[in-house]
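Keeping the supplied structure of chain A fixed, place chain B upon it in accordance with the hints.
Here the protein sequences come in this chain order: A and B.
Counting from 1, position 124 in the first sequence corresponds to residue 124 in our numbering; the numbering is continuous, with no gaps.
Counting from 1, position 321 in the second sequence corresponds to residue 321 in our numbering; the numbering is continuous, with no gaps.
A couple of the hints might just be wrong.
Some chain B residues flagged as far from chain A (calculated, every beta-carbon gap over 12 Å) [as the list claims (entries may be wrong)]:
| no. | residue |
| --- | --- |
| 1 | Y14 |
| 2 | G37 |
| 3 | I63 |
| 4 | V75 |
| 5 | L131 |
| 6 | A135 |
| 7 | P144 |
| 8 | A167 |
| 9 | I227 |
| 10 | F249 |
| 11 | S260 |
| 12 | L293 |
| 13 | A304 |
To spell it out: a stretch of chain B is covered by chain A in this simulated footprint if at least three of its residues, at any positions, have a beta carbon under 8 Å from a beta carbon of chain A; those stretches are [what the hints assert, rightly or not]:
| no. | segment |
| --- | --- |
| 14 | 158-166 |
| 15 | 348-354 |
It should be emphasised that the hints constitute simulated quantities derived from the structure, not laboratory data.
By construction, the Cβ of each residue, glycine as well, lies at the ideal position given by its N, Cα and C atoms.
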Amino acid sequence: MKLITKFIKPMAAATAIASLSTMAMADGHMVSDMTIVSWGGAYQDSQIKAYAEPYMEMNDGVSITWDESSAEAVAKMRAMNEAGNVTWDLVDVTAASAIRLCDEGLAMEVDHDEMLAEAPDGTSASDDFGDLIVSDCFIPQIVYSTTVGYRTDLVPEGTPAPSDICDLFDLATYPGMRALEKRPLNNMEWALLCDGVAKEDVYDVLATPEGQEQALAKLDTIRDNVIWWSAGADTPQLLADGEVFMGSTYNGRLFSAIVEQDQPIGMLWDAQVFDLDGWVIPADLPEERLARVKDFVKFATDTQRLADQAKYISYGPARESSAPLVSKHAELGIDMAPHMPTDPNNAKNTFLYNYEFWADYRDDIDAKFQSWLAQ
Amino acid sequence: MSEIIAYIQRPNLYTFTMPVVAVLGAVFGFITGNIYGAPAIGLPIGALIGAALAAVLAQIISIKPWKKIWGAAAVFAAVGAIFGGFAGIVGGLVVGVSMSWFAIWIGSGKYRAGVPNYYTPAQVLWHNSFLFICALVFFFLIAPLVPVVWLSFNAEDFFTFTPEMLAFKAEGYSLKHYYDFLGSDEWMVPLKNSLIIAPIATIISVSLGTLAAIGLSQSHVPGRQAIMAILISPMIVPLIISATGMFFFYAPLGNWLQASLGLNQAFVGYIKVILAHAVLGIPFVIITVTATLVGFDRSLTRAAANMGADPVTTFFRVQMPLILPGVISGGLFAFITSFDEVVVVLFVGSARQQTLPWQMFTGLREQISPTILAAATILVTVSILLLTTVELLRRRSERLRGLSPG
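Next comes chain A alone, as it looks inside the complex (with noise of 0.2 Å):
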């Protein structure tokens, strides 16, 4: 009998523990947790710092769990909705996930001007965001873009540093190994772009077959020379290791990787193509956690708290009213403006995220660019 004493007082200990410090109760008509998803990494400790921390320092007992698990999104909301238990109380996706979460009725439709702080100004909250309300259950972020960073040290001797995207396919003037993303968005365009295709007639050229045609071409002549990445710090590892000379990936992520960690790394600005970041709200939250939810939002996405994040990392905010409000870097002290993508010096050529033609043309160019990769 010993023995059975001996096995069930530590697991009654530890179910007693498990359930006193997870036991914090709810204060009036709204939940005291939470729990947000998002990304991870740097970008994730920017929201911490500018909306999680201050507002947990305003409202006493609230606790946030962050989740990091944005990348499936999409499939983790639908199996969620499907089982009828959503943990999520505020999900941080891309502007084409928001979509297509609104599309299928498992994010919340929302009320911008209703639910979002007006500008200092008393501007409201859809004419500040603008036309980044790109759908009605997307409460925009920041502008983040995607472009080309090399390694300084290894330009060949008596040449110019990269500095037009076209250098990403002259493997004769820049020899080495390039990093692209695995999946035709961006790719196509800047392959377009290079095999003399007007900026402008860009994504007309992309919507027919031989146009999609011309794109692989000019992808096939650096094939050999390609390493594909998936993640967001693919490209950064391989670029601070020396294994490839150029790479795509987010301009934070290159930020982080020159500025922060002080790597031999240089980066372009031309034609780095903008994509919106921000908030959708579960569908059909029990009340009390939405309440919650709400109550964040509504200071996460004020002017101020917009501004305060690019001071973690160098994306743009969302909001028109914000931008004035950007300072210096938290830690570094550095101005922050003349590395947010939206700088007027670095948005000189930009695309910005053809939401509309890639839902028409994803599924299509999608097969496509899979089976030239598989070749």
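Below, chain B without anything else, positioned relative to chain A:
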């Protein structure tokens, strides 16, 4: 075997030692030549150096073997330094030590030391090749850990051997990733979760698995094979399939627990993950306990019953102590299964049950930060200590019970 080996004979220097060492020299020469783009030149030069080394080392008898090895290694390193700088020194040391050790080992006839002297040359060759293959297996198992441990002391935030690290300069190394691991909630909360989930899941698997194994070992149980197959199935079905199934199975269960019993959402999450992990651990316990039960003498339980002990007392006083080694090793497997598991917890758990492997998985995908390597190093150290302790305890108990002479 030692009585069979009468004496060790030195092989002939010219017909045996020099050619054999030349072969190894040719291999090293080929590799070195390859680095400089001329393998065809490196190969004969390497062979010549090998033969010459064998001849020279065979002439020097008065010096101790280990001095010969380091002497030769120093010469090789010096030559390497001239051609290849720091990397040359390292390469020279490696080549020098291995070649001179090999030359002495062959030249002194020690390569026959482990085999009976009636073995044919082919058998001797196989015996030594076999040892070499064993060493290779060991190397391939252990070697991947070395860069992990080494890189975890990196001063930079990338998985990169910096020039400072390779030159063994202090500024290339730091403990900052260990501070990151120990000092942040990002890692400490998952560690705490793992330490809550794994032991409880283990206790459940061990209790249920042991009972199942004992029941299934009784010959009168109907459908034993079928029941066994079902219980073992979590081990055979691909984990991702089990995980999907568990996700849909536990979701309504969790909803019911929350809605009708009013349990906290996070608490229900722990229950779900613990139960799922217990299911994964049970097959390991069943298999190890069944294996120990094969050697268990049934007449002992009858004897106990004869003395008036009821079945429960018999189990705890007679059967349990005898099958304990199987139970413990099954428990260890169950613990490690839960502690290492990432797929099921990703499906069944929510962010509040984030375990250490989960954090490592997302960290690797989103950040590639060496903090993961620091975590891995700590985990490796802990598991080595754990397994060593268990093994020492096992030996001690065997000694106390007089099962082994040591």
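Cross-check of the supplied hints:
Here Y14(B) stays apart from chain A, with its beta-carbon at least about 49 Å from theirs, past the 12 Å limit. The Cβ of G37(B) sits about 18 Å from the closest Cβ of chain A, beyond the 12 Å cut-off, so the non-interface label holds. Every beta carbon of chain A lies more than 12 Å from that of I63(B), the smallest distance being close to 45 Å; the non-interface claim holds. At roughly 33 Å, the least C-beta separation between V75(B) and chain A is larger than 12 Å, which holds for a residue marked as non-interface.
Here L131(B) stays apart from chain A, with its beta-carbon at least about 37 Å from theirs, past the 12 Å limit. In this structure A135(B) is separated from chain A by more than 12 Å, as the shortest Cβ-Cβ distance comes to about 30 Å. Residue-level check passed: P144(B) sits 18 Å from the nearest beta carbon of chain A, beyond 12 Å. No Cβ of chain A comes within 12 Å of the Cβ of A167(B); the nearest lies about 17 Å off, and the non-interface call holds.
Once the 12 Å rule is applied to beta carbons, I227(B) is consistent with being away from chain A; the minimum gap is 24 Å. Not every beta carbon of chain A lies more than 12 Å from that of F249(B), the smallest distance being close to 9 Å; the non-interface claim is violated. Consistency note on S260(B): stated as away from chain A, and its beta-carbon is indeed over 12 Å from all of that chain's, at 14 Å minimum. No Cβ of chain A approaches the Cβ of L293(B) within 12 Å, the least distance being about 18 Å, so the stated non-interface status holds.
Its beta-carbon lying about 16 Å from the closest one in chain A, A304(B) satisfies the requirement of being farther than 12 Å from that chain. Using a Cβ-Cβ cut-off of 8 Å, 3 residues of the segment 158-166 of chain B lie near chain A, which meets the minimum of three, so the contact claim holds. For the segment 348-354 of chain B, the assignment as covered by chain A holds, since 4 residues bring a beta-carbon within under 8 Å of that chain's beta-carbons and 3 suffice.
The structure shown violates just one earlier hint, number 10.
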